[in-house]
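> Here's the letter readout for the chains.
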Amino acid sequence: MVLQALKDNGVKHMFGYPGGAVLPIYDELHQQDDIEHILVRHEQGAGHMAEGYARSTGKPGVVLVTSGPGATNVVTALQDALMDSIPIVCLTGQVPTSLIGSDAFQECDTVGITRPCTKHNWLVKDVNQLSRVIHEAFRVATTGRPGPVVVDIPKDVQFATGIYTPPSPVIEQKSYQPKLSGDLDKIREAIELMAAAKRPIIYSGGGVVNSGREASQLLRELVDLTGYPITSTLMGLGAYPASGKNWMGMLGMHGTYEANMAMHDCDVMVCIGARFDDRITGRLDAFSPNSKKIHIDIDPSSINKNVRTDIGILGDIGHVLEDMVRLWRASKKTDRSQLAGWWSQIEKWRARNSLAYPHNKDVIMPQYAVQRLYGLTKDRDTYITTEVGQHQMWAAQFYGFEEPNRWMTSGGLGTMGYGFPAAIGVQVAHRDSLVIDIAGDASIQMCIQEMSCAVQYQLPVKIFILNNQYMGMVRQWQQLLHGNRLSHSYTESMPDFVKLAEAYGGVGIRCDKPADLDDAITKMIDTPGPVIFDCRVAALANCFPMIPSGKAHNEMLLPDEATDEAVANAIDAKGRALV
Amino acid sequence: MNAQHQPTGSAYFMAAETARPETHTLSVLVDNEPGVLARVIGLFSGRGYNIESLTVSETEHEAHLSRITIVTTATPNVLEQVKAQLERIIPVHRVVDLTVRSAELGHEKPLERELALVKVTGTADNRVEALRLADAFRAQVIDANTEHFIFEITGRVSKIEQFIAIMKPLGLVEICRTGIAAMNRGPQGM
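Chains A and B, in that order, give the protein sequences. Here the first sequence is numbered in our numbering, starting from 1 and rising by one per residue. Here the second sequence is numbered in our numbering, starting from 1001 and rising by one per residue.
There's no promise every hint is true.
[Stated by the list, open to error] Taking lysine-lysine and the PhoX-like style, the derived pairs with C-alpha atoms no more than 25 angstroms apart in a straight line are:
id: 1; chain 1: B; residue 1: K1083; chain 2: A; residue 2: K186
id: 2; chain 1: B; residue 1: K1083; chain 2: A; residue 2: K179
id: 3; chain 1: A; residue 1: K179; chain 2: A; residue 2: K378
Just so you know, the hints here were simulated from the structure itself, not pulled from any lab data.
Input sequences plus hints: build the corresponding full structure.
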């Protein structure tokens, strides 16, 4: 019944790991060919694979794990999906209903543990409710603001026979009815405000990507029509192309100088599918102090949460942008001269070249490595995932994304170990594409066991490690906040990544000279199977520009100003308590 | 720097809260299904909101709907967040801020009542005094023998607080309170 319900919801692939309490479902899986099951090596990997799969296709990712440790291991991935609004349907086995509450073997309170880290969850005790709950789970996961859901199924319910009901077009769940179209009066009001702006900015986020390809298309149209500069959050990269003429680069803690200065000095801010996260706003009471703010979001709790907005438009980004573009076309014409002063100011900021870094002939600079990777892969059908840390920020700064759904990263939760399994998930959905996990030497070791999975299913994922032997971002913060006392951020014993790749049955490549880098990357791309690329980079490079904790957008630390002394004094005592 | 002067919380930067906290009563209509109360309470504890009083019971049996009445104190911005976050919970049908609604209707505040059971033991004068005061508060005696009374009292929170305070020196041994039930005046529904 479970598999029938999954098929009826369009599921083609699932990621999982068997165990006592899900054996009946695995037995059914064995006797069919419609759904391909990918066997992971750790349940966290299954969760991240489903996230990568979902993020790159727009379809929900499906996970199947057993009770107890199976369920608890997937919790990190569920919270990650919750914070980044990724649709995941996770089926967990549970001990038989008669044993629930008796501390049975591999029992845990799965719905209790996953309640705060899912959009919703269910424990199904009656087989006749099973199909309805699974259909509802798919609806909840994929509609509104997407997110993870858990369906916990006791083993006796898996064995039981009951009545199957196919998905119904009539929605039974009355209490959950997400709103799609925005209020037209508010959209008109927003357009009036925008038309009068002299220093406008569009700040877009992951909501645009989640809303579907059309939303990204409409965003591009809106930018073209209005002539406004645009910046984006980490999660929103690719919705507007990095080569677009109005693109200012990412904003926030490690965003570009021009993007952050423009956010600070703008008079009208149009926030589209982003949530004013603390990595974006910096010091809240100094955040864009003189602007009117328009916020479009599908989640009512996002509006006015961190930053008070002047016009909040509740609705799906695609629907709202469609109305916005239509109304703008009908009534407004952008007077480009009105924005000329603003653009010339932006050009001045851009001229600061905030992403500059010192070039080196002997040692590979991590920024250079990402630039070369971009140069050699940009004309291919490429998907990029990352782990979390300095390499993630360098990837966001130096890899240009032209299309949505091509960039998978753990933004909200910041989960080290996300990138590699996510890349496997992407590769499962796009077998012929080039999928690269830009990784750090520390992060990659958190889910490295999935090499075994990649080799088993011939998934030719490329792991590009920027290896500096440090937990680079941790070290950078210790330099900024803790007097350069590098407590436990140096990895004294690093595995030989080339041998590690070979041990798993993959291919390992090492490169430590800038002159050899291009050939090595080309070799990586041309290798048919999974590759671990150990790129030895400058050990002490740091990630700039940066807004230090407790500072405002216009108090950025730029690379050419980041002397040792400036770094040591960047954060005052008050900022030190912040994360 | 003294640690207690440092900003708390895990956020990157929290602006000092200058707005004054207000006490509001919320009515939340939910599907009566397993775990729904845990979802509501978990939201409050997880996001650091406070609950001063909470009352739950199924109110519409056919539709399996329960009504949760929550009294909470927060700044207006946070109250708005509490409402929005409650509305995100899947089995939540409606959230009404009764305090805001009563102001819109032109009333001072919503009608709020609480029921308490109060057990008092004592002899001689204390016993007579307890009975006399209970009568003045319109409290009913629902159980008694020669050593004790159990009073049932209904009314506004302030009345119940006062009654309990008065009973304390007269041999108060046990209190049970229901928490607040509330609705707005007038013919309109929730």
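> Is the straight-line distance between the alpha-carbon of B/K1083 and that of A/K179 25 angstroms or less?
Roughly 17 angstroms separates the two Cα atoms, so the pair holds.
> Starting from B/K1083, check that the Cα of A/K186 is at most 25 angstroms away, please.
21 angstroms, holds
> Next pair to validate is A/K179 with A/K378; report whether the Cα-Cα distance is within 25 angstroms.
37 angstroms, violated
Violated hints amount to a single one, hint 3; each of the other numbered hints is respected by the structure.
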